[in-house]
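Participant: Given the coordinates of chain A, assemble chain B onto it according to the supplied hints.
These protein sequence lines are chains A and B, in that order.
Residue 256 in UniProt numbering sits at position 256 of the first sequence; the count goes up by one each step and never skips.
Residue 9 in UniProt numbering sits at position 9 of the second sequence; the count goes up by one each step and never skips.
Rather than coming from a laboratory, the hints here were simulated on the basis of the structure.
Every residue gets a Cβ at the ideal spot worked out from N, C-alpha and C, and that includes glycine.
There is no bait here: all hints are sound.
One side only, chain A facing chain B, incomplete, derived with CB under 8 Å:
| no. | residue |
| --- | --- |
| 1 | Asp233 |
| 2 | Gln237 |
| 3 | Asp264 |
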Amino acid sequence: MPAPRRARSIVAVLLIGALAAGCAQAPLPSGTNDPYESVNRAWFNNNLALDQALSGDTEAETDPALVALDDEGETVVAPDAVTPQRGSFLRRIVSNFGANLGLPSTIANDLLQIRPDRAAENTLRLVINSTVGLGGLFDPAGRIGIHGRRSDFGETLHRWGVGEGAYVVLPLLGPSTERDALGLAVDLVLDPLRFALPRGEFGGTLVARGAARFADRAEYAEILDANVINTADPYAQARLLYLQTRRYHLGVEIEDEIIDPYADLYD
Amino acid sequence: MPIYMIDRRRVLLGIAATGGAALLPVLPAAALTQGQARSLIDSVMADIHGIINSGGSEGQMIARFEGLFDQYGDVPIIARSVLGPPARSASASQMQAFTAGFRAYLSRKYGGQFRQFIGATVQVDTARQVQSFWEVESTMTLRGRAPFEVRWHVSDRSGRARFFNLIIEGVNVLAAERQEIGTMLERRGGNLDRMIQDLQQSG
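The following block holds chain A by itself, in its conformation from the complex (with noise of 0.2 Å):
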């Protein structure tokens, strides 16, 4: 029965407007709002220790095969200086899997934010993906040069001017905003796919893009260990971090962020 689904669907979307105009104020955000901060570092600990628990085993499997593959010559390579190029295989499949499943999302927030050239490439993508990268397992978009661009009703609540709010920390999910927290709600309701496909299906794609996250986390684990993971304050480089891509990708420009260390030395 579609037709309820959707008044309920219509019915949350407009409280969560109600609510995201409520935490509309500065459209320019600088620095770090962070009024959760003790609930957000218990949730972060929590998030990274499944993190830990779940991307240690993974690790384990990885390592003994990459180092199978490199004792056939005599060079001794570090196993990790080759993990991008081989060790990625299956991840880059689980992985562009559910960014193919992503971009329905996608498109119709480009829509809502009244972008037709990124609707148009992401479609491009989509069609693409979908046929000649077999379902959405392989990525000939991305090897033509159509990367598309992720966008999210976090983005689409920016475009129409709601603020960022405070800082959260979402349990599994991880760093967010509220603006953004309120955005994946929105997402999870008006995903296309979810009038598209029948319920099962629809619950599948959710779980396919819940280990496609995971498979990006794997492949740049590199990354994350060096910035989040083995720094003094974890908690506070990640929310640094989150913050400032976030902004970034949405073409947030502050001019107070930027920093002249010979101002601070010589004016």
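Facilitator: The following block gives chain B in isolation, referenced to the frame of chain A:
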């Protein structure tokens, strides 16, 4: 000596002796041209490309990155900026030790990450003026992946063109390192010597 410089060390020593940093703004500010800023980053990116595709071991690459930071980067300024206010009360020898330790730490931390870009092509794009310095855009592309943007902040206020900050896909390296070094210092009750010591195990 409050400021470390290579080219104009003797001149600056004189300035420092006669009353210091207040005189420095009279140095020509807009001397650096767009072309010079760009060509510096052309050299940097060519060297990075050479290092990541050299096939050397991790240790060799990190050593070469350290050389690159030294040659093209304004490491003393970066170190001073990252340390923040404690730099003012630090002694010359502490600053020297911190700068050396920080340079090695930066090379381990970021050199290790550039290593992921084996096989990448690099390209230097436009340069634009931001406040009193140049921002040079560059992209690294690994086949089949979306290009990855690195912006370099370049100034010649220490005597010649050098970069003093990188913005990697929006992440401001100076800001991240200020946070990191600030935390390290705070955890050690503000003891700079202990922090310098422990920096050797970081990155």
